[in-house]
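Asks: Here is what each chain is made of, one letter per residue.
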Amino acid sequence: MLTPLSPPGDPSAGQLIQRGAELGVQYINTVMGGVFGKGGCSLPAAPVRLAVEDDSGLPEKSVAGFRRLVTEDRAAGVFGAFHSSAMLAAAPLADEFMVPYISTQASAADITKKHFAAVFRTHPIDPDRAAAWLGWIQAQGWHRVAMLAENTDYGIGLVEATKALIAQKKLGVTLDAVIFDRTSSDLTPQLLKFKAAKPDVLLNVGVGTPAYLIIKQAHDIGLFPQTPMLGSYDFPVRAEYWKNLRPAGNYLAFISYYHPRMALTSLGKWAAVEYAKRFHDTAIYSNLNSFGDAVILAQAMNLACSRDPKRIVAALEQGRFDTWIGSGVTFPRADGVAWHQWSPPMVILQYTQPDETYDQAQILYPIGMKTGTYQAPR
Amino acid sequence: MDLTLLTQYVLAGLVIGVIYCLMAVGITFIYSVMKMINWAMGEFYMIGGYAQYLLIASWLGPQRWALALPLAVLGVAALGMVVQRVLLRPMFVGQLERLDEYATIVTISLTVLFRNLAVVVFGPYQFSPRDYAPPFQLGPLPINGSRFVAFLGAVVLLGLFAAVVRRTWFGLALRGVAQNRLGAIAAGINLPRIDMLAFGIGVGLAGAAGALLAPVFLVYPESGALSTVKGFEIIVIGGLGSLPGSIVGGLLLGLVESLGSVLISPAFRDVYGFGLLLLILALRPTGLWGEQAREA
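Residue numbers (this note's numbering), protein chains in the order written: chain D, 1 to 378; chain U, 1001 to 1296.
Careful: at least some of the hints might be erroneous.
Stretches of chain D that chain U covers, calculated by requiring three or more beta carbons in the stretch to come under 8 Å of a beta carbon on chain U [stated by the list, open to error]:
#1 130-140
#2 339-347
Over the 10 Å line for every Cβ pair with chain U, so calculated as not near, a few chain D residues [to be verified]:
#3 Glu-72
#4 Phe-180
#5 Asp-186
#6 Gly-222
#7 Pro-225
#8 Arg-246
#9 Glu-317
#10 Ser-327
Note that these hints are calculated values from the structure, not bench results.
Bear in mind the structure is a predicted one, so any value in this text is a computation, not a measurement.
A virtual CB, placed ideally from N, CA and C, is assigned to each residue, including glycine.
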C-alpha cells in the first residue's frame, strides 16, 4: 500500500485507507483462506502480507515508495493512492515493472487517460464528479457557478472537466474558476471577489487543510452559507470536520461515495461490521474502497493463479470482480479516460445541523436516491 | 474596480501583513543579537498553535483564550531558551569557526524533529480552537473575530517589543550585543544569558503568531512551514537585522500578495512576494533598511 501517512499530503486520508487495507488483508487471510489453492489453481493456499509505504502526497516520495514496494517487498500489486500528483509520478514505474497499481482515491483524469498498461482505478474520475455536481446544479436551477480549485492535478483536472462538460452539453451555466496555490493559508481576497460577484453556488475544490480554510474563511466574510457551497469530496464525513469548523461547517453540501442507505454487497457488509468491531467507528468510503482494492487484487491473483505481477495485470483486464459496493467489476481497455476504470456511485449530501453525522445527512442527488432538498440558512 | 472591493483587498493585505511582521521580527531579532539564522522559526509558530489549542481545549476552556495566549507564548519562549541552552550555547562558548553552518544544521534538524514529533504526538489531523471573538466589521471589510484579535495582538506585541528594546536597560544591553558582541562582553554584559533570553523572546514572538492565528489558519504539523518562508522573505525585503524593515516588509508582502492574487491570479500568490523581493534586491541589495557592512 502506498498512501499519504504524513504531511504535506492528507495523512488522515492515508490512515483511513490503511485501516481499510488492513481489514482487506484480514478478509483475504480469514474468510478467503488466503490466495490460491482453490478453483483449479494448483498453487498451495498462501496468506497475504500488507507492506506499507508513505508517499506524503509528494511525487518524489511516491516514486521512491513504489520502487521500494516492488524491489524490496516484492509486492504483487500496489494500491492506496490518494493524491493524483503522487500517483501520476509513480504510474510510469508501474508500467516499467508491470506491477498492477490501483488508484484507491486519486481521481485526476490523466491517471487512466494516459493508458498506462498496469494502472487501474476504482474511484470516480473528474468527468464523473463534474457530471454529478453539474447535474445537481441544474436540478437546483442555478446558473452562476464559482469554483475555487487548488493548483494540483486534482484541482486543475476538475476545472477542465467542468468547463468541458458545460461546453459539450451547452448547459447554460457560467463558470468563474479560480485556481489557488495549495500552500496559501489566506484565501480571503479570492473569496471577497466571489462574494462581490454573487454566484449561485461555490465549488470548494481544496483537499485537506485548504478545504477547511475555504469553508472557514468564506464563513468569516459572510459568503457561506448565504451562498451555497459544495465540497468536492467526502472530507466532511471525517471526525475532525465538526471539531475544526463547528457551526461554520453547517449547511455544506458535499460529494460522497458512500452513504449507509446504499445497498452493500456481502463483502461490504462484512467490512462494515468488522470495521466497527475492530476500530470502534463507522466505516467510511476511504476504508471501504481500500478494503475493496485489497480484495480485488487477491481475486485477480486467484484468477491468474500466479504471484507474477504481469499475469495479475492480465487477470485484472480480463476478469470480473466483487467489491464492497458492486459485483461484476471490470477494468476494460476502453477509450479515453475509461481505460482500466471502474467508478463507484456518487451522492451529494448536506449537513443541516451542527455535529450531524454523515449517515444522518440528507441525500440531495442523484434524484433517484434523494431523501431531502437543499436547505438554506434561515 | 469597485473602490469598496479594492479597500477590502488592501485592508485584508494589511491585516495579514501585520501578522507576518511578528514572525519576521522574531527572526531578525535573533539574527541581530546572535548573528545566526533560526531556520526552525516556523516550528515554534506551530508549537505556539498547539500549545494554545491544548490550553483551551483541555484546561482553561474556550472562554479563557486570553489567559491561554500569554501562557502559550511563555511556554514557547521557555522551550526556546532550553533549546538555546542545550543545543546552541556550546557553539558560542566553544567559539566555533563555522558558527553559521553549525546553527543552520542544528535549526534545520529541529524543524524535522518538531514536525515529526507533532505527527507522533497529535497525529496528522488539523485542530482549531474556537474563535476568540464574533465576526467584526473593519470599515468595509467583514473580518473574522479571531483574525482581528490576532491583528490587535500583533500590534500590541510589536509595540511592547519596540518599547522594551528602545526604552529599557535590558533593551540597551540587547542593542549593545547586536552592535558589537565583543564590546558588550568588555562592558560586562553576560553574553550567554542575553543570547538565551534573545532566542527565547524571538521564538516567543513566533509562538505568539502561532497562538494568535490558531483558530484562523488551523493547527497541524506543517502549519509553520509557510510562515518561515514568509518571515525570511520579509527580512530580506526589509533589510537583514532591521526591525523597522521587518515591519514595513511584512506590510508590503501582505499587500502585494492580497492585491496580486485578486488582480492577477491566486495560483501564483507566493510568486508575488518573491517578485517584490527580487525587485527590491535589484534596486537596494541590502533591503529597504539594511546597512552595508565590511568584514575582515
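Asks: Look at each hint and say if it fits the structure.
Replies: Checked hints:
no., hint, result
1, 130-140, "violated (count 0)"
2, 339-347, "violated (count 0)"
3, Glu-72, "holds (22 Å)"
4, Phe-180, "violated (4 Å)"
5, Asp-186, "violated (5 Å)"
6, Gly-222, "violated (5 Å)"
7, Pro-225, "holds (13 Å)"
8, Arg-246, "violated (7 Å)"
9, Glu-317, "holds (35 Å)"
10, Ser-327, "holds (34 Å)"
The structure is inconsistent with the numbered hints 1, 2, 4, 5, 6 and 8, although it conforms to all the rest.
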